[in-house]
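Protein sequences appear in the order of chains A and B.
Under full-length UniProt numbering, the first residue of the first sequence is numbered 1, with each subsequent residue one higher.
Under full-length UniProt numbering, the first residue of the second sequence is numbered 1, with each subsequent residue one higher.
Hints in this document: simulated from the structure, not taken from any laboratory.
If a hint is listed, it holds; no wrong ones were tucked in.
Pairs of lysine-lysine, BS3-like flavour, derived with a Cα cap of 30 Å:
| no. | chain 1 | residue 1 | chain 2 | residue 2 |
| --- | --- | --- | --- | --- |
| 1 | B | Lys11 | A | Lys470 |
| 2 | B | Lys29 | B | Lys143 |
| 3 | B | Lys11 | A | Lys474 |
| 4 | A | Lys528 | A | Lys480 |
| 5 | A | Lys457 | B | Lys11 |
| 6 | A | Lys380 | B | Lys29 |
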Amino acid sequence: MKTMKSRRSGGDRGGIRKRGPTRTDRDGDMDMDGPGARGGKRGRGGPSRPTGSGSGSGAGAGRPARSGGDRPQARDKTLDAIQRAITNTRDQANIRQGKNNAASNLESFSVRGWKTSKVSSHRDGGVENLIAFLERRMNAHSKSGPRARVTKSRVEGDSLVVSVRPELADRMLRLNESLFAGIHLVVEPYDASSSAALDRELGTTSGTSPSTADTKSKMTMILSKRYYPDTKLLDLSKLSSDPDLVAMGIFNQTSTESKFFPALMKVWEMGFTNTAQRREAVESVSLAHNQLTAVTAVTTLSQTFPDIKNLDLSHNNLKDYRSMSAWRWKFRNLEFLDLTENPFSAEPNFKETLMKWFPKLQTLNNVIVRTAEEIAAQKKTPIPVQAPHFQDDGQIAENFIRAFFTRYDTNRDELVKSVYDHQSEFTINVNTSAPKAQQTESAGWDPYIKKSRNLLKINHLPARMSRVYKGAEKVLELWKSLPETRHPDMTAHPEEYLIECHPVPGLPDPTGQSPTGVGGLMIMVHGKFEESVGGKVETRSFDRTFVIGPGGGMGGIRVINDILCLRAYGGHEAWSPENQAIPYAVAPAATAAAAAAAPVAVPAAVPAPVPAPLAQPGIPHGYGAPAPGKTDAQVQQEQLVAQMSAKSGMTLQFSEMALSGNGWNLDAAWKNFEELKASGTLPATAFLSPA
Amino acid sequence: MATATEDVLTKVSTEAATELINSFYPALKNDRNSIASFYLPTPTSILFNGNTVADGAAVQDIFLNQMPEAFYEVQSFDCQIINRAYPTTTTTGLKPTTEMTVKDMSILVMASGNVRYGENRDLLPRGFSETFVLVPNPSSDRKRRRDWLIQSQNFRLVV
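With the rest of the complex left out, here is chain B:
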């Protein structure tokens, strides 16, 4: 693996975080059938207000069947690289470091914003804070895939 320079690492990580914010929150509102596709098949932890949710499919199920329309507005977000060479297990075993690129990083993303549930516009929005860990997509299918998937997620209403 070639050693990436700081500017490339910053560019790649912040663009990955921006992509998550710009695609995940709109999906929660308008494209709930795609929710599961944001997640690693076996995430380590998914929490909504302290409730444990098993996996991406379960999150999608909750949003499709139990959630009123939700209007999210992210007002601030930031990210940091956790591991520049995240150990990805693929179908053929652990990905060798020789095959790794700059995109083999895991990323911590934190968002702060507000959300309003339901059509009633008179309701004051609630403040939320949400933390994600993104890891490289282990799938070898290069077409139509997300580069990073959610390994863990923790949503909390905070106001």
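If we strip away everything but chain A, and leave its shape as in the complex, we get:
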């Protein structure tokens, strides 16, 4: 088994504790206590760094509004600033913001350029004037409603970070390039990532000095000495006693110390132009012997190396789970973690906490806590995940869904008018605590929460009534108040949707003629969409159920019910079928027999049995067989679909589409299939396994 242990025993070179004995210089010990402990937020009008401490070239003003195109320049600036941070002894502890505006619903913007304005010589650097200016301008065009205010502000390097209520976001962005005390302001959405913070924090001036290049080359040299490409190890242990770092004076002041690690990470990232290469270059990192009392100061490690498998944090001073909580949702692929010689290791819930935090963790403090089989079994579900059940008549549901999301994105007006009538109902509910995909920050729910009809939370009858939108007019009015969206193209990205459909009887008959009601279809869609929030693109997941019946709308249908549930982005892994790689030439009966005969590879220790009646790959249990509530015609159709699927190798869904499109004539469907296959029209997803 490939473990860190074997690497370590392989000799000095390549072990996670690579460095041989080095003299530890007590005076040079690194205190990497988080800047958050010292910095804190600066309130409105609070002291900012004096201007003019940099070289003051004044080039900050009039830069393009959007960053991103000027990365090389930003990098140079960063390096330049690192150099200054290292040499500038007057520099005070930074105000770096460790976390995003968690828990608050405000939107943050970075305002730059003002440091070179006429008021920058004021005692507060002009901050008071700037905030007054921003508030005045935000209120300039609105005569009614509450006065627009800057709710929070702080200085971060050459930026004033202002937070405003979300509804003011547009007004704030419109202030970009407005003239303030002789300069043009740059107003942008605030990027809370620490690399951006570093840029802002250090980037008080532009231009690259020779000493900056020197700093970069020194850091690059230090990194290359500590990187072992053959074992993909980056050894960052005992940093404070590294003679090269000591010589650079990194640990002489607290200010440079706190900036050093993010800067080092940045220099590492600069060494790669390709993200994939960067991620693959390192599998193991050691931060042993660094006297860390919390991971706050080195938290950027998780951004630069999110995929590492092995992490050595031994011989530090991490006391309990709180000292590591910054990494709670990071390192989702971590298999090996060493926390020996940390007080945390002796805490009662040590093992449980870390196994919970790192789902793939196998070895903790050199003890095996989980096997690879157990990790694989975790993902197995008691009910195997099958391809979508899609039982549609004459492609009604398919046509409806294909058109729906494109039009919801581009023309809600037209969409409502085409298939919603005066009886159609729409409601929306937000699951604010849903599980999310790994490593994603979830955006706030402001635009939706006041309309959310989560019945767990909305208990009063008047609210339950007012949050139902009945009739095309009301539905449209609500939709127009919701943010614009962009759903993925269903043809290009079918894997991002899971769509199921089945007939439903007993729907109200709009003509009132049928006492037994009319039949229709239920369509359940799971997917994602993108939405622009204050200039930033957020991805959210959704579940949406429609009941459609015959009616006067386009295609002879109408929407009776439309329930939308929104939740944090959760990816689409959950519905990718577990049994995709089945040989398609095997007839369903033979497949079932083979599946029943094959040994089930589930370790006894894990209670994840695979229910035999459900385990027929490709063909769901009961498919093609008579069952209560199933009509004979339905059973016949299912049998045809199964035949078509076995013969063509296509999924049930596509087989069904082929048949329903050819009047349920197997020969005609087969001919159609061969034509489509020959012309290359069929997508790869049409097939159970690559044809």
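Assemble the complex: chain A is given as a structure, and chain B must be docked to it using the hints.
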């Protein structure tokens, strides 16, 4: 049938949905012998992760014999009335509209939450989405019965 006002319709439908959420999910965990009683004798469609299950008895059988302990947490749910006068077929034929009450509605219920299978608490819960159609219980037995039964159900793990 007297025409019910909107507030009564909302009250009845949301209470029916709440009753389903508050009784069905606990039954999946603690009272699996009662699972079949939630279903119409001939449901139109029962799907679990794309697997078709024939009826309530089959669902109960799967949960009793094949499922590890399951911990469901519903985090959000909502409902809408599908048909205010659902055509119920009783033993004596189609229920006449003159006998219908406000409770003769069919209801669409949608739940979103998470579920953890098995005792291993280290496992991260999986997100699920589940849609139900509830219809009036056709049984004429007025005692100890549920007002609504599951006509169709579609469970999907989504995270």
